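> Residue 1 is where the sequence shown starts when you use the UniProt record's numbering, and the numbers rise one by one after that.
Just so you know, the hints here were simulated from the structure itself, not pulled from any lab data.
Every clue listed holds true.
Below, in silico cross-link-like pairs of lysine-lysine (DSS-like), each with a Cα-Cα straight-line distance of 27 Å or less: (1) K3 - K124; (2) K146 - K3; (3) K54 - K17; (4) K160 - K183; (5) K3 - K160; (6) K146 - K183; (7) K115 - K160; (8) K146 - K115.
Being a predicted model, the structure only gives us computed values, none of them experimental.
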Amino acid sequence: MVKIAPSLLSADFGCLKDELAAISKADWLHYDVMDGHFVPNISFGYSVLKDVSKVTDLYLDVHLMISEPMKYAGNFIDSKASSITFHYEAIEENKINEFINYLKEHQVAAGISIKPDTDVSVLKPYLDSLNLILVMSVEPGFGGQKFDDRALAKIAWLAKMKEEMGYHYLIEVDGGINEETGKLCKDAGVDVLVAGSYIFGSDNYQEKIDSLR
Numbered sequence: 001m002v003k004i005a006p007s008l009l010s011a012d013f014g015c016l017k018d019e020l021a022a023i024s025k026a027d028w029l030h031y032d033v034m035d036g037h038f039v040p041n042i043s044f045g046y047s048v049l050k051d052v053s054k055v056t057d058l059y060l061d062v063h064l065m066i067s068e069p070m071k072y073a074g075n076f077i078d079s080k081a082s083s084i085t086f087h088y089e090a091i092e093e094n095k096i097n098e099f100i101n102y103l104k105e106h107q108v109a110a111g112i113s114i115k116p117d118t119d120v121s122v123l124k125p126y127l128d129s130l131n132l133i134l135v136m137s138v139e140p141g142f143g144g145q146k147f148d149d150r151a152l153a154k155i156a157w158l159a160k161m162k163e164e165m166g167y168h169y170l171i172e173v174d175g176g177i178n179e180e181t182g183k184l185c186k187d188a189g190v191d192v193l194v195a196g197s198y199i200f201g202s203d204n205y206q207e208k209i210d211s212l213r
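Could you build the full structure based on these sequences and the hints that come with them?
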């Protein structure tokens, strides 16, 4: 069954503990880190993650939308990240394998993400070593955007490669996810659905989580 990862970026931080309790029956918690440089917005860092880890048992799915992911990854590992996903576009290609190995050596699942305009085939050299691949179905940096259906072909390609080659990564999608787009992604072969405003903008979080399963 597909995993559901509510995106903390859309939560009400004025009552964060209550928000986390209301999504406690989800599978993962998606944690977007933005630096105002790689993407034109600023969110939260590792100190908030450490506090969040104390009040939830959810798998902490950290998405680094930052220009220097290798510089800060250790701080997020120390703050109890379960997985760390960095952007293909944010790192030199000759450093990608080194970074993947670094994350795994520290018992953190290693993920990579691509923006909507990036061809999924650029990930081919890394598929056998990744734990997670995050397909962005909106331009990263802001919540509430419309789903970019180019993501479906990327998900399908990744699912096909996984089946044919026996790879073990999970395929995750983030951006514009609701019941309708979530079904399209599931049909394409996705494993993890990230949803923000669809869940946190509703009156019944659990009902929305269940609608995505």
